[in-house]
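S.K.: Fit chains B and C to the supplied structure of chain A, relying on the hints for placement.
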Amino acid sequence: MTTATHRKLGLKDKYGLLTRGLGWDTSYVPMDRVFPHDSFEGIKIHDWDRWEDPFRVTMDSYWKYQAEKERKLYAVIDAFAQHNGHLNVSDARYINAVKLFITGITPLEYNAHRGFAMVGRSMRGVGPRIACQMQGIDELRHAQTQMHSMSHYNRHFNGMHSWPKNFDRMWYLSVPKSFVNDAMSAGPFEFLTAISFSFEYVLTNLLFMPFMSGAAYNGDMATVTFGFSAQSDEARHMTLGLECIKFMLEQDPDNLPIIQKWLDKWFWRGYRLLGLVGVMLDYMLPKKVMSWREGWEQYFEKNGGALFDDLARYGIRKPMHHETTVLEKEHVTHQLWLMLCQYHWGLALHTWLPSDEEMDWLSQQYPNTFDQHYRPRFEQLRALEAEGKPFTNASLPCLCQTCQIPMCFTEPGDPTRLAHRSSLFQDERFIFCSDGCKDVFDGEPEKYAQARLPVQQLLQGHLGGPELADMIRFWGYDPALDIGRYEGSSDQQRWAQAKAPGVAARAA
Amino acid sequence: MPVIALEPGYGGIVRDRLEDFNGVQLLFIEWAAHPLIACPITLPVPPGTRFGELLSGALAQSVFGQQPDWPTVDWRRATWRMNDAPFVPDLDKTLAEQGVPHKAFLTLTT
Amino acid sequence: MHVEIKTSDTKPLRSTFTHLAARFGDKPASRYQEATYDIQEVENFHYRPLWQADKEIFDASRTAIAMADWYALKDPRQFFYMSYTTTRAHQQEVAEAQFDYFDKRGLLATLSDGLRERVAAALLPLRHYEWGANMNNSAITGWAYGAALTNATMFATMDRLGLAQLLSRIGLLIDGNLGTSLAAAKQQWLEDAAWQPLRSAVEHLFIVDDWFELFVAQNLVHDGLLYPMVYQRFEQALAAAGAPAFGMLLTFPNEWHAETAPWVDAVCKTAAAESPANRALLAGWAARHRATALAALAPLAERLFGTAAGRQTLDEVDAAFGMRLQRLGLVAA
Chain A
1 MTTATHRKLG
11 LKDKYGLLTR
21 GLGWDTSYVP
31 MDRVFPHDSF
41 EGIKIHDWDR
51 WEDPFRVTMD
61 SYWKYQAEKE
71 RKLYAVIDAF
81 AQHNGHLNVS
91 DARYINAVKL
101 FITGITPLEY
111 NAHRGFAMVG
121 RSMRGVGPRI
131 ACQMQGIDEL
141 RHAQTQMHSM
151 SHYNRHFNGM
161 HSWPKNFDRM
171 WYLSVPKSFV
181 NDAMSAGPFE
191 FLTAISFSFE
201 YVLTNLLFMP
211 FMSGAAYNGD
221 MATVTFGFSA
231 QSDEARHMTL
241 GLECIKFMLE
251 QDPDNLPIIQ
261 KWLDKWFWRG
271 YRLLGLVGVM
281 LDYMLPKKVM
291 SWREGWEQYF
301 EKNGGALFDD
311 LARYGIRKPM
321 HHETTVLEKE
331 HVTHQLWLML
341 CQYHWGLALH
351 TWLPSDEEMD
361 WLSQQYPNTF
371 DQHYRPRFEQ
381 LRALEAEGKP
391 FTNASLPCLC
401 QTCQIPMCFT
411 EPGDPTRLAH
421 RSSLFQDERF
431 IFCSDGCKDV
441 FDGEPEKYAQ
451 ARLPVQQLLQ
461 GHLGGPELAD
471 MIRFWGYDPA
481 LDIGRYEGSS
491 DQQRWAQAKA
501 PGVAARAA
Chain B
509 MPVIALEPGY
519 GGIVRDRLED
529 FNGVQLLFIE
539 WAAHPLIACP
549 ITLPVPPGTR
559 FGELLSGALA
569 QSVFGQQPDW
579 PTVDWRRATW
589 RMNDAPFVPD
599 LDKTLAEQGV
609 PHKAFLTLTT
Chain C
619 MHVEIKTSDT
629 KPLRSTFTHL
639 AARFGDKPAS
649 RYQEATYDIQ
659 EVENFHYRPL
669 WQADKEIFDA
679 SRTAIAMADW
689 YALKDPRQFF
699 YMSYTTTRAH
709 QQEVAEAQFD
719 YFDKRGLLAT
729 LSDGLRERVA
739 AALLPLRHYE
749 WGANMNNSAI
759 TGWAYGAALT
769 NATMFATMDR
779 LGLAQLLSRI
789 GLLIDGNLGT
799 SLAAAKQQWL
809 EDAAWQPLRS
819 AVEHLFIVDD
829 WFELFVAQNL
839 VHDGLLYPMV
849 YQRFEQALAA
859 AGAPAFGMLL
869 TFPNEWHAET
879 APWVDAVCKT
889 AAAESPANRA
899 LLAGWAARHR
909 ATALAALAPL
919 AERLFGTAAG
929 RQTLDEVDAA
939 FGMRLQRLGL
949 VAA
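Chains as they are written, first to last, in our numbering: chain A, 1 to 508; chain B, 509 to 618; chain C, 619 to 951.
Just so you know, these hints were derived from the structure itself, not from any lab.
None of these values were measured; they are calculated from a predicted model.
You may find that some hints are simply not true.
Here are the simulated SDA-like cross-link-like pairs (lysine to any residue), alpha carbons at most 25 Å apart as the crow flies [unchecked claim]:
| id | chain 1 | residue 1 | chain 2 | residue 2 |
| --- | --- | --- | --- | --- |
| 1 | A | LYS64 | C | LYS645 |
| 2 | A | LYS389 | B | HIS542 |
| 3 | C | LYS629 | A | GLY484 |
| 4 | C | LYS645 | A | ARG155 |
Chain A with its partners taken away, still in its complex shape (with noise of 0.2 Å):
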């Protein structure tokens, strides 16, 4: 019955009364063996009810407005299919970025909306769960959706058929699976801090951007509307990751330490992974949207400057080895991208040397080194190449057993010298590619002592074989379509034919 004191709810206490009022203590069973999970990392929450809602969406509006978005994204894929809008690309080299994409993020958001189904049943606080459980689905919705806007992209192009098996075989998408294992078997907080701050808030943009607007650049309306499409979902996602952190910061001081070691881990865990995609905005895409060198200046060193100084009021502090990700912003791409090249032979993504074009564009965005260290090397291959002996490194790399990216980074303030650190776990040696990956291991050895490097797992025979051949099939691929150079490939003879009707097919 109502009566005139009692006032109506206002629309913080209403959506309280919708998700966070569904919750109880239990009493039939002790609430620590309902959530077994949430208290081993050493992280003290003292009082859930600080949680604040980072968004307040209720399943009737989140049915409707995500159907409606959906609704028009498909109309723009199939539209797209059925006028193959794969021929509106800048170039066929282009999809070398869609292979990334698909092959090596697809898997973390299919994994991403894994894991917030667990934290979204693991942490005690009932706003949090609700929270995490939004942000699987959604994370479901990405996955789901990037299958979809790319599936005509495998019609036509190589190298992204069997993308599942490749995720779990391909021995350079072990650096994104890695990644993502490592977030995966983590504890509840620990996962939060590593994908829903780290990698869905500091570095966000830097995944995203790249991509989405790679793709707008170079006439993928698939992949770019899809990119549209998922913007509002990120900035759910990003104010999860912002206030999760907050939360656990403000519960205890104790929590401080804890949290700090997990910023330190996954900013370089999450930095050495978005390696990938510079060399993508880098390398990869005939249409350049920004540097590698300009986003990180942007995103991290402007925008996540900005966010760790307001952080410090906590305690925290920039991430270690921050300045090193600023001492090598002009060298890692160019790094890893001579390093794919040399690897042509294994190499799902096809690859080319950049022509003078491309180097002047290089040399403009990296002028305090591309002409220095990295024009020279390329214009070496351009020559060995035109001699007809084009430099191919068949020798196995030496692996980064926290990365696990070939060894191809440079010591900090000396780019002519390779850089390797090594530590002693259970009298084994083990190598890293820099300070970063070495102290997260050192942080965690029993965890990375564990991984399953390519290279090792290769020659203990466990990636197929006995010839190359027949290893590439075993990691999912076709020798003869999907593997080695962009020149003389079926992507690269298929794009020229389709460019140019009327002209009789090249033979194969």
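M.R.: Same frame as chain A, but now just chains B and C:
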């Protein structure tokens, strides 16, 4: 500092011990000042390989051996580091005999 | 006559992704197939979970059920995110219109005070039951194996939140947006004798180890008894008592259950048909949780329908459920 896990005893798995490689050990080898070679290489070699055989065999067949200056390398003047310490290899002794362990990181300067 | 439009000369290299061609042949796959089959990692995990060191991140051994192909547990509704949200948005639009109609016509006032209290007492505490179902489906989505199942349980997880919110909104309709009815409902859930067996059953589900057992217990057994008893039978009783309009507000839960039960059935039936061992496990779980659910629903049935009618209603609902188990092959041989 040990890993923080739900239950004690987490870990203990290493997937690239010597015994996992069926009679060979791994060497990670870098050739300084050779920028075309993007990164150090991984070489599987039997521990009973003499160092001189490593040079004329596996290393010669690797990407190192394809470099234009390989044939003219003066091995008596070449310097080595192993696991970040100076190392003077005995070309007639095996890897095992002169303590070149599994997953040793070697840097060659010529 | 058919008008042809040529868009280009290029012929596709392939009809679909390799894993789909392997399953369904060399032809374009459906959206559902592309978004479901084989998309979960299966091997070469780099690190064991810190929270479960004896398992991999995705690990089929988290359940005693064994399947040769976990993707046999497909969803007959063929839900992927787009078709799921579109379906729910449409249902929500209808529900919204019903709530509006009910509200604007002041139909709540046509319920006697006694009937209104009966409705509040019977339905509103179930928002916590829905919340329990949300937790359980979230657990399955995280730790089960194979995207065919976990995609569907992700949708079910959010459905349960939506249902909890719908029941909450009914409460706010009853108490004029004060929230008092929900506070009272929570009190009942926590303290009222008639609700304790159900709350205890729900809390014990939170600690079920085997996610497939949890799926059977929550989605098949508990829902399979509670929904017919409350959302169908009680709704009918309300209509008989002179409040037929109220049933309008329960359209969504009833339709949801009618849509979801065939999915749950398909999952259980397929798993049971796979092997005698699976069938024995599933039948055992169904029997055990059925006994618990019936004991939990008995006091509620009495509350809703009276002593004799309550017992009879529950018997009838249980008999129908028994037949459902027979159809699924989930009865002990």
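S.K.: Now tell me, hint by hint, if it's right for this structure.
M.R.: Hint by hint, here is what the structure shows:
{"no.": "1", "hint": "A/LYS64 x C/LYS645", "result": "violated (33 Å)"}
{"no.": "2", "hint": "A/LYS389 x B/HIS542", "result": "holds (18 Å)"}
{"no.": "3", "hint": "C/LYS629 x A/GLY484", "result": "holds (23 Å)"}
{"no.": "4", "hint": "C/LYS645 x A/ARG155", "result": "holds (11 Å)"}
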